[in-house]
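Residue numbers (this note's numbering), protein chains in the order written: chain R, 2 to 274; chain V, 111 to 403.
Among the hints, erroneous ones may be present.
[Claimed, not checked] Label-pair restraints from in silico Cβ distances:
hint : chain 1 : residue 1 : chain 2 : residue 2 : range
1    : R       : L59       : V       : P387      : 37 to 43 Å
2    : V       : G350      : R       : G130      : 33 to 39 Å
3    : V       : L249      : R       : V70       : 33 to 39 Å
4    : V       : P387      : R       : I189      : 31 to 37 Å
5    : R       : E163      : V       : E216      : 38 to 44 Å
6    : R       : K36       : V       : L127      : 48 to 54 Å
7    : R       : E264      : V       : L300      : 32 to 38 Å
8    : R       : A268      : V       : E400      : 35 to 41 Å
9    : R       : R261      : V       : L249      : 42 to 48 Å
10   : V       : L259      : R       : S100      : 51 to 57 Å
11   : R       : T46       : V       : F169      : 58 to 64 Å
12   : R       : G130      : V       : L249      : 38 to 44 Å
13   : V       : R114      : R       : G247      : 32 to 38 Å
Honestly, the hints are just simulated from the structure, not real lab data. Just so you know, even glycine gets a beta-carbon here, dropped at the ideal spot from N, CA and C.
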Amino acid sequence: MKRMTWFNVTSLTLGFAFLYLPMIILVIYSFNASKLVTVWAGFSTRWYGELLQNEAFLNAAWVTIKVAVISSSIATVLGTMAAYVLVRGGRFMGRTLFSGMIYAPLVMPEVITGLSLLLLFIGIGLDRGVLTIVLAHTTFSMCYVSVVVSSRLVSFDRSLEEAALDLGSSPWEAFRLVTLPIIAPAVISGWLLAFTLSLDDLVIASFTAGPSATTLPIKIFSAVRLGVSPEINALSTIMIAIVTVGVITASLVSKHSSLRAQEDARAAERPAT
Amino acid sequence: MNLRRFALIAVPYIWLLALFLIPFIIVFKISLSDTALSIPPYTPTLKDGFAALISQLDFENFTFLASDDLYWKAYLSSLRIALVSTILTLLVGYPIAYGMARAPEEWRATLMMLVILPFWTSFLIRVYAWMGILSNEGLLNQLLMGMGLTSEPLQILNTNTAVYIGIVYTYLPFMILPIYAALDRLDESLNEAAEDLGCSRMQAFWLVTIPLSRNGIVAGSFLVFIPALGEFVIPSLLGGSGTLMIGKVLWEEFFNNRDWPVASAVAVILLLILIIPIILFQRNQQKQAEAEQ
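Bound-form chain V, shown alone (with noise of 0.2 Å):
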């Protein structure tokens, strides 16, 4: 082996294993050991040598999580809002990739930078476009109200509405993107197969484009799912303090409260039920992989 490739390989390596997966360590060793009032305010557990370690080891965080009965609310809640999000965002995404997939040839570049476009702009300024717009003096109660809808504005911002409005807007390209890749190799001809053969228009989007579109709508999902689970900016700026979500919560622990030991805990079982979902997510990846080569 030469010096250049051991090099080439080391680098990148040493970094990553320094400054991701160390740190990983610090967090499951910290969310093991005892809180204390200074700083840093948790007290080291590795010490006194691994023999020490085993007996020092203390479960304490993770018994106080399971008994304080906030945080099985904002596990449950972060998992339900991130759901219910998901399915909003592909009823909203799939019609958007469906007619960009039917548009004609010419216009489809455009479409699809149009999409892209919203990605590159930051992320916190779309979020706070809608603190604007929701707020009880904001233009959509002013609408609702001119229109004579309502007499009274509408509390949305500061619920989990508006976080459901945040996440769906924000998330929006990474459903539309894979589902247009898996709808635009559609061949069309298959569908109208399917009506020559007595099927509905409708039976024929059924039975055809939407099986066929399953690995777009899949990634999709998983892509809106996975990181609106640990999402801290949507809940924090949108919703209100009845919205419980893991990522406000440990954001709080720590900044607000300090307990370093209980955040690390927080973080450990958020990574814990994270890690089914981005299983699930490779597999559906690489299967998508084999099947186009």
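The following block holds chain R by itself, in its conformation from the complex (with noise of 0.2 Å):
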């Protein structure tokens, strides 16, 4: 018998409101039409307005788009790669160095990171620009979703490749058409996830970035460095309502999905008839 007691509920209340309210306030002050960010002076949609003409804000959205695609489908490919040699590779010379070098970026300060990869780069004389981010951040990204796919290939029944395999497929046909669609919904929250770290990284984009690339990360951070910008209030609007609808629709589709596999598993347990 659970008990919700007043304590639980004023922590929930406490704790969701501790969460919530800062992006709440945010939110409410995008559309104030003052300049002085604190002071309330009416509804107005005009930072928005201004936000779409600032050219500087929408290349940098670009790049970052175009990083975030590029990166994350790498890294995806890689990651899966990485966590199907760590779960059904087996032994091989330096497996222990491999899983070390998987599990290590997910702790490693990102100032450090950012700074040893510059160090590569201008050791190897590339130039900074999306290259170079892209590169960064395959590299780190490529280690959660790994880690999230490993978690999902430890779980399944490995008797339905060996299955595959003794039914005459060879191991790509078996991986492909055994195993992906198994581990997909994996695949495809490990892209999501790759995704929006690309989209959010600041720090090791800004060592990597060059003068010819600046993400909106680094044009965020130039400009709140001097203080509350009502610009910046309207960036963050967007991009915070782009996540609320991209992550509830995404719960609702597995919702769906787990659903109907539930359905598809009660209509396989009744007899054929």
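Join these two chains into a complex; the hints should help.
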């Protein structure tokens, strides 16, 4: 029997108020007519209009999206391969080093990752720009993808793959026709995670970006260093709205598909007629 | 060994070697070289082969770090800020995780999503949101003065207090989720048994619930402590000139002073400090995984 005491209700209310109020306030103030961000002077969408005219922000947003799409896609392929090697690869030389390199970037301070990659790019004479940010983002996000995918690989029944192999498929066919459909939800959430991490990254991008390519977080950071600005409030609101819609859609889709899977399972249990 | 398996292993392996391990070796190498006023602003140490390397190795940057107390203070103050904010996050996060685990079954998926949602929103924006609230003319001070609690604005933004608030706020989901996972598995009849045997509700909580959620507490604390130690964005936006954190020092050494060898030495020491909590965290995760099997 679960008890909802007044204490639990209060801690949940206060906790979620703490988590959400700052963002709600930010959204409300993005519609403030005044340039003074702390004084409310009536409702206005003025800052959204100004934001859409700001070439520098729009360019940075385009670079950011480009980097995020490319790096998360490469990271998903590499991360899935790495997960497969970790879970199904068996023994090979340097396995410990390999798994160490998968887990280390997850706990590495961003300043160190950024610094070390920059020193590498300068050492080999690679000009800093979109390419270097993509390489940097792919490297740390492939590790996140591989953790997400390997947790799914661990939990699924290996005999399904073996059955496919016994029935004459090649290892690649077995992967494509049996394994991949089963791990697909994890691969997709790995991609989404890599995509958001890339969109969000300030520190590593600051080290690896050159004058030819600036990402949105770098632009936002240099703007807010000087203080709160209404244009950034408007930009933040747009980003919060996109994420909220995305996460809610994703969770509804996954709920729907898990319900369908349950129905399928129930249907399969019924004796065939 | 067939070619396909070899390629499957080699591609991610080589990628990580080239873009994760080798860059580290470079940082380590540069931390041992002299500062030079050139581009790149350091003298190469590996130029003349291995024998020359040994004789050229130069711990100047490290002795410099040890002699200048700015760096000592920055390391100590990062450790202190990370530790205090981990404890604060635990104190804020535990009751929320507890409330979630005790909530009716049908609410839990929604509550869980509400905890995860901020994690998907930009970190930078979540930190930025507090700048408007904590500033001298900000909402918090307007509220406090409106209620007559203080007559003049409190200086919160650009102090360590703001840094604590920022860390607790942004890392809260990392604390809540592992504790919730531990509490969710907890069999409530154990608490009832303790109460039947004469414990008060409070005693049952301390003697049964807390010890059984220990793994979640430990995992959550490391997940907050480790990234907080190297944090850069929060101290630079919310902290003031008095806020010393090593991530910020490294950044400034690199971008403002352009002293690459010293920045690399700062990175090497930060890494050495982090190795202990990281190993402890790995051990805890492994123990937990073994316990589950």
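Going through the hints against the structure:
no., hint, verdict
1, L59(R) to P387(V): 37 to 43 Å, "holds (42 Å)"
2, G350(V) to G130(R): 33 to 39 Å, "holds (34 Å)"
3, L249(V) to V70(R): 33 to 39 Å, "holds (37 Å)"
4, P387(V) to I189(R): 31 to 37 Å, "holds (32 Å)"
5, E163(R) to E216(V): 38 to 44 Å, "holds (40 Å)"
6, K36(R) to L127(V): 48 to 54 Å, "holds (51 Å)"
7, E264(R) to L300(V): 32 to 38 Å, "holds (36 Å)"
8, A268(R) to E400(V): 35 to 41 Å, "holds (38 Å)"
9, R261(R) to L249(V): 42 to 48 Å, "holds (46 Å)"
10, L259(V) to S100(R): 51 to 57 Å, "holds (54 Å)"
11, T46(R) to F169(V): 58 to 64 Å, "holds (59 Å)"
12, G130(R) to L249(V): 38 to 44 Å, "holds (40 Å)"
13, R114(V) to G247(R): 32 to 38 Å, "holds (36 Å)"
Taken one by one, the earlier hints all hold for this structure without exception.
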